[in-house]
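**Q** Each chain, letter by letter, is given below.
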Amino acid sequence: MHEFNICLDILNILEAQAEQHQIHHIKTLTLAVGNLAGIEIDALKFSFPIAAAKSIAKDCDLVIIPVEGRAHCSHCVDEIVIKSLWDACPDCGNYDYEVTQGKELKIRNMEVG
Amino acid sequence: MCGYCGCGQSDHQHEHHHEHDQRLIAIEQDILAANQDYADKNRAYLSQRGMLALNFVSSPGSGKTTLLVETIRALGGAYPISVIEGDQQTDRDAQRIAETGVSVLQINTGKSCHLDAHRIGHALQDLPLEDNSLVFIENVGNLVCPALFDLGERAKVVILSVTEGDDKPLKYPHMFDQATLMIINKIDLLPYVTFDVDACVAYAKRINPEISVLKTAATTGEGIDVWCDWLRMQKHNDR
Chain A
1 MHEFNICLDI LNILEAQAEQ HQIHHIKTLT LAVGNLAGIE IDALKFSFPI AAAKSIAKDC
61 DLVIIPVEGR AHCSHCVDEI VIKSLWDACP DCGNYDYEVT QGKELKIRNM EVG
Chain P
1 MCGYCGCGQS DHQHEHHHEH DQRLIAIEQD ILAANQDYAD KNRAYLSQRG MLALNFVSSP
61 GSGKTTLLVE TIRALGGAYP ISVIEGDQQT DRDAQRIAET GVSVLQINTG KSCHLDAHRI
121 GHALQDLPLE DNSLVFIENV GNLVCPALFD LGERAKVVIL SVTEGDDKPL KYPHMFDQAT
181 LMIINKIDLL PYVTFDVDAC VAYAKRINPE ISVLKTAATT GEGIDVWCDW LRMQKHNDR
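Here the protein sequences line up with chains A and P, keeping their order. So the first sequence is numbered by the numbering used here: it starts at 1 and just counts up by one. So the second sequence is numbered by the numbering used here: it starts at 1 and just counts up by one.
What the hints contain is simulated information worked out from the structure, not anything from laboratory work. Certain hints may be false.
Unchecked claim - Here are the simulated lysine-lysine pairs, DSSO-like style, with alpha carbons at most 30 Å apart:
1. P:LYS41 with A:LYS106
2. A:LYS27 with A:LYS45
3. A:LYS103 with A:LYS45
4. A:LYS106 with P:LYS205
5. P:LYS111 with A:LYS54
6. A:LYS58 with P:LYS235
7. A:LYS103 with P:LYS41
8. A:LYS106 with A:LYS58
9. P:LYS235 with P:LYS215
10. A:LYS58 with A:LYS103
11. A:LYS106 with P:LYS111
12. A:LYS106 with P:LYS235
What the hints assert, rightly or not - Residues from chain P shown here face chain A by an in silico Cβ test under 8 Å; the list is partial:
13. GLN22
14. ARG23
15. ALA26
16. ILE27
17. GLY77
18. ALA78
19. ASP167
20. HIS174
21. ASP177
22. TYR192
23. PHE195
24. ILE207
25. ILE211
26. VAL213
27. LEU214
Unchecked claim - Anything over 10 Å on all C-beta distances counts as not near chain A; from chain P, calculated:
28. TYR45
29. THR71
30. ALA94
31. GLN95
32. PRO128
33. ARG154
34. LEU170
35. ILE187
36. ASP196
37. GLY223
38. ASP229
These numbers were taken from a predicted model, which means no experiment stands behind them. Think of the CB as a built atom: it goes at the ideal place given N, C-alpha and C, for glycine as much as any other residue.
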C-alpha cells in the first residue's frame, strides 16, 4: 500500500509550506487525484490521519478532487473519456490511445486558520 | 483568469471560504515531484557515465533473481554489471547475485513496498560502478506500488511467470502501462498450467500497445539468448 508513503510525501511538502508561510495548523487540505493515477482514494483517506497525527495537518479535513481520465484515441482521433487504463475507446473500441489527463497527483491548496 | 486555481476560466464556482480569520494558500505541487527530482538526477548521472539501468518489476516469486543470475552468466562478462536488490527484508537475493561475481547492493525497504529514487541515488554512490556498465535494479516483488515511482531507469522490465495467470496485465494495468518489455517466464511449466500466452500478450498490448514481449525459462535457459540480444540492442542504442 503505497498510499501511506504518499501521505508522508504530502506532509513533507506541507511542512516546507508551513515554514515558508509561518503556519502552525492546517484546517483543510485539498488534493487533486486523477482516476488513472494508481491511487486508491479510500486508502489515501484512511492513511492520511494516521500519517498526519503528529503534524501540522493533525485533524485537518482532507478534500480530494477526482480528475477524470481523458485520452487521445489514435484510431478515431477523438478525445475520449476513460475510467481506467484497460477501457476501450468508447467510440471505436480500440485500445491504442494516449492518456492526456487523469494521472495527476497534486496538492492544490490548504486552508489555514 | 480564475483567481483561485488559475485555470484560465472565470465562469466556474469554487467553494470559497471568505471568513477573514482563514487563509487559503495555493500550493499546486506534484506530490511525487521530490521522487521525480531524484529520478531525474539519477537518470542524468547514469547517462553521463554511459550506464544502462533497467528496473525489474514483478510479483514476488516470478523468477526475477534467477533470471538475473542466468543473464549475468549468459552475458559472460561482455559488460561490467552491477545489481541493486530491493526486498522488504533479508539479503538472500544479494547473496545469490554475489555468487556470480558482480557487484551487488541490497536495499531493505522495511515497511515500504517499493524502491524510490532517493534510495537508488544513494545506492549508485555506494556501489562500485564502472562506466558503460549495465545496472540491474530488482524492485520489491509487488505489481502495484513500484509502478508509481520512477527510479531514473532507462526502462521498466515486467516479469510475469506462467504460474501467476494470464490475466495479470488486466488486473495490474499500471505496471504493464509503464513497462517497455514484458518477459513471460517459467515457460517450461506451460504444459502443467492453464496459461494462455496469446491471451496474456493481447491483454498486455491492450494496456500498452507499445510493449515488447519475450518468453523465457530462466531455469532451463530457454529464451535467454533472445533476451540477451534485447539487452545488447538496448546497450548499443544507448551509446
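**Q** Each hint should be assessed against the structure and marked as holding or not.
**A** Checked hints:
Distance hint between LYS41 (chain P) and LYS106 (chain A) is fulfilled; the C-alpha atoms sit about 21 Å from each other, no more than 30 Å. For the hint pairing LYS27 (chain A) with LYS45 (chain A), the CA-to-CA distance comes to about 15 Å; that is within 30 Å, so the pair holds. Note on LYS103 (chain A) and LYS45 (chain A): the hinted pairing holds, with a Cα-Cα distance of about 18 Å set against a maximum of 30 Å. Our distance criterion of 30 Å between C-alpha atoms is met by LYS106 (chain A) and LYS205 (chain P), whose separation comes to about 29 Å.
Annotation: proposed proximity of LYS111 (chain P) to LYS54 (chain A) holds, straight-line Cα distance about 19 Å (limit 30 Å). For the hint linking LYS58 (chain A) to LYS235 (chain P), the alpha-carbon distance of about 49 Å lies beyond 30 Å, and the restraint is violated. Restraint check for LYS103 (chain A) and LYS41 (chain P): satisfied, since their Cα atoms lie roughly 22 Å apart, inside the 30 Å limit. For the proposed pair LYS106 (chain A) and LYS58 (chain A), the alpha carbon gap of about 19 Å is at most 30 Å, so the pair holds.
Annotation: proposed proximity of LYS235 (chain P) to LYS215 (chain P) holds, straight-line Cα distance about 20 Å (limit 30 Å). Among the hinted pairs, LYS58 (chain A) with LYS103 (chain A) is consistent with the structure: their alpha-carbon atoms are about 27 Å apart, no more than 30 Å. With a CA separation close to 24 Å, the supplied pair LYS106 (chain A) and LYS111 (chain P) stays within the 30 Å bound. For the hint pairing LYS106 (chain A) with LYS235 (chain P), the CA-to-CA distance comes to about 35 Å; that exceeds 30 Å, so the pair is violated.
Proximity of GLN22 (chain P) to chain A holds as hinted, the smallest CB-CB distance being about 4 Å (cut-off 8 Å). Against a cut-off of 8 Å between C-beta atoms, the interface hint on ARG23 (chain P) holds, since the closest Cβ of chain A lies about 5 Å away. For ALA26 (chain P), the suggested interface contact is upheld, since its CB lies about 5 Å from the closest CB of chain A, less than 8 Å. At its closest, the beta carbon of ILE27 (chain P) sits 4 Å from a beta carbon of chain A; the interface hint therefore holds under the 8 Å criterion.
For the restraint placing GLY77 (chain P) at the interface with chain A, the shortest Cβ-Cβ distance is roughly 37 Å, beyond the 8 Å limit, so the hint is violated. The beta carbon of ALA78 (chain P) comes no nearer than 36 Å to any beta carbon in chain A, farther than 8 Å, and the hint placing it at the interface is violated. Evaluation of the ASP167 (chain P) hint against chain A yields a violated restraint, the C-beta minimum of about 10 Å exceeding 8 Å. Nearest Cβ of chain A to the Cβ of HIS174 (chain P): about 4 Å, under the 8 Å cut. The hint holds.
For ASP177 (chain P), the suggested interface contact is upheld, since its CB lies about 5 Å from the closest CB of chain A, less than 8 Å. Hint on TYR192 (chain P) is violated. Least Cβ distance to chain A is approximately 28 Å, over the 8 Å limit. Given the 8 Å rule on beta carbons, the hint for PHE195 (chain P) is violated: about 19 Å separates it from the nearest Cβ of chain A. At a threshold of 8 Å, the smallest CB-CB gap from ILE207 (chain P) to chain A is about 6 Å, leaving the interface hint in force.
Look at ILE211 (chain P): its Cβ only gets to about 12 Å from chain A, farther than 8 Å, so that hint breaks. Hint status for VAL213 (chain P): violated, given a least beta-carbon distance of 15 Å to chain A, over 8 Å. Proximity of LEU214 (chain P) to chain A is violated relative to the hint, the smallest CB-CB distance being about 21 Å (cut-off 8 Å). For TYR45 (chain P), the condition that its CB be more than 10 Å from all CB atoms of chain A holds, with the nearest at approximately 22 Å.
Every Cβ of chain A is farther than 10 Å from the Cβ of THR71 (chain P); the closest lies at roughly 28 Å, confirming the non-interface assignment. Residue placement check: ALA94 (chain P) keeps its beta carbon more than 10 Å from all beta carbons of chain A (closest about 23 Å). Every C-beta of chain A lies more than 10 Å from that of GLN95 (chain P), the closest at about 27 Å, which supports listing it as non-interface. Distance check on PRO128 (chain P): its Cβ is at least 29 Å (rounded) from any Cβ of chain A, clearing the 10 Å threshold; non-interface status holds.
No beta-carbon of chain A comes within 10 Å of the beta-carbon of ARG154 (chain P); the shortest separation is about 21 Å. Listed as outside the interface, LEU170 (chain P) is inconsistent with that label: its C-beta sits roughly 5 Å from the nearest C-beta of chain A, within the 10 Å cut-off. Under the 10 Å C-beta cut-off, the non-interface status given to ILE187 (chain P) relative to chain A holds; the minimum distance is some 24 Å. With a least beta-carbon separation of about 17 Å from chain A, ASP196 (chain P) lies farther than 10 Å from that chain, consistent with its non-interface assignment.
No beta-carbon of chain A comes within 10 Å of the beta-carbon of GLY223 (chain P); the shortest separation is about 26 Å. Distance to chain A confirms ASP229 (chain P) as a non-interface residue, since its nearest Cβ pair spans about 27 Å, more than 10 Å.
Checked against the numbered hints above, the structure violates hints 6, 12, 17, 18, 19, 22, 23, 25, 26, 27 and 34; every other hint is satisfied.
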